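Visitor: With these hints in hand, go ahead and build the complete structure from the sequences.
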Amino acid sequence: GLGYLEAALFKIDAAGNIVWKKLFSFLYSFYAQDVHQTSDGGYIMFGYASHNATSNHFYMVKTDANGDTLWTKYYGGSGQEWGYQIQQTTDHGYIMIGNTNSFGAGSSDFYVIKTDSSGLALWSKVYGGTNTDVGYSIKQTPDGGYIMAGSTESFGLGLSHFYLIKTNSSGIPAWSKAYGGNGSSNSFGYSVDVTSD
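With this note's numbering, the residue at position 49 of the sequence shown is 49, and numbering never jumps.
The set of hints was computed from the structure by calculation and includes no laboratory data. These figures come from a predicted structure and were not determined experimentally. Please note that a few of the clues may not be correct.
[Stated by the list, open to error] Subject to a maximum C-alpha distance of 35 Å in a straight line, what follows is the list of computed DSBU-like cross-link-like pairs (lysine-lysine):
(1) Lys114 to Lys62
(2) Lys166 to Lys11
(3) Lys73 to Lys166
(4) Lys62 to Lys22
Guide: Written as structure tokens, this is what we have:
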């Protein structure tokens with residue numbers, strides 16, 4: 001090839017043997033960050049891909065149960081987007097998170113997109129302040145809303161803090177919290193989950 005990065009998807013059986021493997025490319029590189037089996041038995045793969053040597057956008061690939069591509073979608077603005085996590089929602093659509101400098105108030109903000117089952121964007125939101133904020137993880141909550149985690153330099157004391165945001169089903173924030181040190185060290189939130197309580 002031309003030296004650009006392709007994403008690889010492997011199906012492994014219970015004994016650790018490769019059942020099949022597939023390669024996925026974009027115009028330049030495709031950096032796959034997350035994969036999940038979907039309710040139809042296929043797979044959704046998500047990350048960010050390059051249109052050229054200097055720009056990235058959210059990129060998702062939907063496959064069937066054999067790993068063959070059914071459709072692809074990319075999302076973003078005139079700047080840069082980096083996608084980190086995706087989840088299938090209870091309506092069989094998808095929620096994805098990363099960060100953007102195309103939209104929002106700062107040099108980087110949380111970027112969240114909700115789609116239908118075919119990847120059509122239903123809404124998108126940015127969250128953050130005037131400094132660097134990066135969203136890494138998102139989960140749907142039992143009330144139909146979302147909880148997301150990342151890092152913020154816009155809120156809290158001093159350097160990066162772990163940043164948690166809870167929204168309703170339309171992405172409207174219910175609350176947000178910054179957690180971390182005393183301004184002399186960095187804290188980052190890379191994953192979030194919903195507990196039984």
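Visitor: Now tell me if each hint is right for this structure.
Guide: Here is what the structure says about each hint:
1. Lys114 to Lys62: The hint holds at about 15 Å.
2. Lys166 to Lys11: holds (34 Å)
3. Lys73 to Lys166: holds (26 Å)
4. Lys62 to Lys22: holds (12 Å)
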